[in-house]
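Colleague: Each chain, letter by letter, is given below.
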Amino acid sequence: MYRARRWTMRQFAGFGSAQDTNQRFRYLLSQGQTGVSVAFDLPTLMGYDSDDALAEGEVGKCGVAISSLADMELLFDRIPLGGISTSMTINSPAAIIWAMYLAVAEKQGADWSTLTGTLQNDILKEYIAQKEYIYPPNPSMRLVIDTFEFGARHTPKFNAISISGYHIREAGSTAIQELAFTLRDAIEYVEWGVRRGLAVDDFAPRLSFFFNAHNDFFEEIAKYRAARRMWHRIMTERFHAKSPRSRALRFHAQTAGCSLTAQQPYNNVVRTALQALAAVMGGTQSLHTNSLDEAWALPTEFAATLALRTQQILANESGVTSVADPFGGSYFVESLTNEVEQGAWEYIRKIDGMGGMIPAIGRGYPQKEIADASYRYQTAVDRREKIIVGVNEFKVGEKPLETLRIDESVRQSQIGRLRALRASRSNEEAHRRLSALRKAAEGTDNLMPPIYDAVKSYATLGEICAALRDVFGTHEEAAVT
Amino acid sequence: MHEKRIRVLIAKPGLDGHDRGAKIIARALRDAGMEVIYTGLRQTPEMIASAAVQEDVDVIGLSILSGAHSTLAPQLMKLLKEKGMTDVTVLLGGTIPDADIPALKQAGIAEIFLPGTSTQDIVDFVRRSAANKTC
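So the protein lines, in turn, are chains Z and G. The opening position of the first sequence corresponds to residue 1 in my numbering, with each subsequent residue numbered one higher. The opening position of the second sequence corresponds to residue 1001 in my numbering, with each subsequent residue numbered one higher.
These are computed hints drawn from the structure, not numbers from a lab. Keep in mind it's a predicted model, so treat the numbers as computed, not measured. Where hints are given, some of them may not hold.
What the hints assert, rightly or not - Cβ-Cβ distance ranges computed for the label pairs, FRET-style:
id, chain 1, residue 1, chain 2, residue 2, range
1, Z, Thr-114, G, Ala-1107, 48 to 56 Å
2, G, Ala-1107, Z, Pro-80, 45 to 53 Å
3, G, Met-1047, Z, Glu-442, 24 to 32 Å
4, G, Asp-1087, Z, Arg-405, 30 to 38 Å
5, G, Asp-1098, Z, His-240, 53 to 61 Å
6, G, Glu-1082, Z, Gly-473, 47 to 55 Å
7, Z, Gly-473, G, Glu-1055, 26 to 34 Å
8, Z, Ala-423, G, Glu-1055, 42 to 50 Å
9, Z, Thr-474, G, Gln-1054, 31 to 39 Å
10, G, Asp-1087, Z, Arg-195, 55 to 63 Å
To be verified - Just some of the chain G residues that point at chain Z, by a computed CB distance under 7 Å:
id, residue
11, Leu-1015
12, Lys-1023
13, Arg-1027
14, Leu-1041
15, Pro-1074
Ideal Cβ placement from N, Cα and C applies to all residues, glycine included.
Next up, chain G with everything else stripped away, as it sits in the complex (with noise of 0.2 Å):
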């Protein structure tokens, strides 16, 4: 049977010009196989919703380094869920202190990646989060 690509959309919330590591992940997904979109930088929550929306991606991934995560990426699961986007799963990469990962997760973020990951990582993340959503 033909199996259908995984779809993600990289993107850059807020102010943060940092995209080495946005588009390092990017290459690397695409690299394994997948449909990935990067959006570029200084999107707003709402720029970023309404693309997953028209791209209808399976994955957004979220990078950043600026400190404004925890109010960029509550603000995005609030519009995802507005839009009704409740099965995309949204991960996080950046400088994010050990201590806002639990109200990142309570906010819907399916993981967050610090500095360090591996890429593999992300890639075999993203494959089992998909797989688990074929059933």
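Bound conformation, chain Z alone (with noise of 0.2 Å):
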């Protein structure tokens, strides 16, 4: 948050079909909203059209399901591109909804190169935290790296990656893990953009962060400092960046899904504006607040509504607007943020002296850490060392929760739909851009090209990372408890 402007209320959205999503953006950006999120089902984050066999059951339920450009001209109907930041939570497959995003903003006569928004398309957290990698490690890093060389060429306002610790800390790390794997995370990523030939200036300032918003008002806020202190040091120190833009951490909040309760639902909508307050007042450049019944469901439009105006009332009434870091002089939050700081630096130090956070990942190091710690909270949990309102004290007996529902109807259409495009599209054309985005992929040429090529043909998502894995083979983990 800066005094001359204000953060972005970007809510996190996403369900069913591309029509009933692209509903929800029109509504939200309706209600106020400054940037569109796009959350994506599951069968697209595993790179699975939805006509997969493993998409059964799954199509549409935790985000919008997109198989095809087909699709994602439908998702964006209506909202311009060209004028309106857009961010997509997508990691194993950015770079194929990246490239069906670009299509997309082509067709709608956007340039390029006035683009705005953000694609997650941070790998290494998956493999930390949430889970949700196709590839293994050096091959999703060459993609990863293909996308800061194409947006640094053609995209230059739009951010590359959004390195994250918002999952991190859902998977249960403490705030000092989320920071620091977070920023080692971004370590690993520069030292990658550099030994690829990029001078670090023309990718650095388009890094951009993200970071949980959760209950510890106080640690919260010390973290974000923390953030940026510990980032500005490592760009120039450890990188020697010259421009103030590589050495400026910029971040996306989200306040913290997994304080939430399924217990007497209305506490969350406070849990939440607190949540926000601290990730206003720590600085943040967007954000996304949570909704009443995300223990339940995803959220109806009127959790999602009330969740906007959290962050409109904090913005237009509250006051906290009219000073950048005013908790800074603090002796508490002063001392607080040297403390996560020091806490952030001896697990960097720990996983340097491991190799770098690949080889750390391979150990299974973080993974270890997140586990412990998550253990250790639960635990204190069901002692009542910890208390929460509604669930360990204070509980009444609870009344059912009208939610959101998605059935399999979505399901159904898409397979429609997915008949209809591979009838309607050049099956010849498709599959010679699948095989040379196999021969590209062999090679080490950049594979946005011949993605945005594979994607122009509707050739489906499902076919783009099945050709993408043939090459690269697939990650499986040690199972860590």
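Using the hints, put the two chains back together into the complex; each one sits in its own frame.
Modeller: Below you can see the structure in the form of structure tokens.
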């Protein structure tokens, strides 16, 4: 947040079909949100088309089902991408979804060099926490650096990555772990970019971050402050960046989903408001506030609206936007910032000692730290050392809540659409472009151009991801409990 | 008399990768003295049923936060029946709307544990259901 520029109110949304989600996007924009944020369903996140056998029961349930450019065109119908900042929460298939987004932008007549938004595209945190990985680390990192390179050339206003701590925290990490693992992931991305031959100041300005806004008000603010300070030091001392834009950490925040309760769901409105306040006073550039029904289902329109109003009240009525970093100089917050920073440096040093984040992931190190932290937290809750209102204290008889229901009709309709797509496109051309992609993947060329070509021929997400799977193989994790 | 340890399979069906809860339950049950096998992520109902038979478990704990429970849980129950595993207790935890619970119990799920459940409640339930079977 800057005094002269309020944070972007960017509500994560997506469910059912592209049409369903398009309607919710246009509704939220009409209600005053200032950026779009796309949630995709699990088949899409994992690189499967809606008609895949593995997609049964899953289509449209966690986000929008996108199987091809045709779906993406519907998703952004009547949403001028040239004028609205768009964030996409997609990781393993990020390059493909981004190619679809760019194709839609082109069709709409938008100039790529003016496009604003963010691609999550942070594969390292998938291995660590969110677990939506497809390919092994090396080819996955290659894809990420391909997007950095492509973005530096074609989309200078678009954030090619959102290096995330949110999911790490949701998996149960501490605030210090969230900060440390996120920054160490960032270090890994910068190293790979530099090794590719990119000048650090050519791509670092478009690295963005994504943090959790959890319950401990002061600790969260200290975390954001420490993050900015540490990134500046990392970019200056470790990577010798010259541009101030390479050294300035910009972040999106989301209030903590894992802190919301199924019990007494209206309490969640209060939790979200306090967490949002911490994010704003901690200086976030962009914010998503959760809905009250998150522990039960995807948000109803009512719940999503109330979440947006929470931000609007903060922005327009609370007065906290009149000063940047209001806690600067506070004896307590400065001390806490130092403490969080020290804790994070210790973890970074440890991971450096292991040879970097990829070796650390291979050893299961961050995963085990997170599992241990989450177990300690649960133990504290079970023992009532940590009180959660409505859950282990102040309980009532619960009334059922009306929630959003998504049924199997989305999958059925997608199956029909995919059949029609395969009948109407040139299958010869699509397959030719998929072969070209496979060939490029075997070499070292930037994969964005062949991916873009494949997308434009209406090769499906599943077909493109399968082509890459043929070349890259898949990743299996050793289950750590 | 030497008591046989309760054997539990903790499974993540479907594409969902959120394993925080599954891992905590696995550890809590292990700490409570049970033998726990965690399948890891992205198991099909067929893979889970096969593992249950192979590991000869008393209890299966499913963790589903993706909304796919209404499809995957009944599919698993059908497969278990086909494989002759009619005595196994199947539990489900995750993001399960109230309205879906009756159908799941009808399909044979013994109990559904919603967010906010303490690990002790789950340990106690598993112990009770194992005790009820030894007669």
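Colleague: Are the hints correct? Go through all of them and say.
Modeller: Verification of the supplied hints:
{"no.": "1", "hint": "Z:Thr-114 with G:Ala-1107: 48 to 56 Å", "verdict": "holds, 53 Å"}
{"no.": "2", "hint": "G:Ala-1107 with Z:Pro-80: 45 to 53 Å", "verdict": "holds, 47 Å"}
{"no.": "3", "hint": "G:Met-1047 with Z:Glu-442: 24 to 32 Å", "verdict": "holds, 31 Å"}
{"no.": "4", "hint": "G:Asp-1087 with Z:Arg-405: 30 to 38 Å", "verdict": "holds, 34 Å"}
{"no.": "5", "hint": "G:Asp-1098 with Z:His-240: 53 to 61 Å", "verdict": "holds, 57 Å"}
{"no.": "6", "hint": "G:Glu-1082 with Z:Gly-473: 47 to 55 Å", "verdict": "violated, 33 Å"}
{"no.": "7", "hint": "Z:Gly-473 with G:Glu-1055: 26 to 34 Å", "verdict": "holds, 28 Å"}
{"no.": "8", "hint": "Z:Ala-423 with G:Glu-1055: 42 to 50 Å", "verdict": "holds, 46 Å"}
{"no.": "9", "hint": "Z:Thr-474 with G:Gln-1054: 31 to 39 Å", "verdict": "violated, 23 Å"}
{"no.": "10", "hint": "G:Asp-1087 with Z:Arg-195: 55 to 63 Å", "verdict": "holds, 57 Å"}
{"no.": "11", "hint": "Leu-1015", "verdict": "holds, 4 Å"}
{"no.": "12", "hint": "Lys-1023", "verdict": "holds, 5 Å"}
{"no.": "13", "hint": "Arg-1027", "verdict": "holds, 5 Å"}
{"no.": "14", "hint": "Leu-1041", "verdict": "holds, 6 Å"}
{"no.": "15", "hint": "Pro-1074", "verdict": "violated, 10 Å"}
The structure does not agree with the numbered hints 6, 9 and 15 stated previously, though it agrees with the rest.
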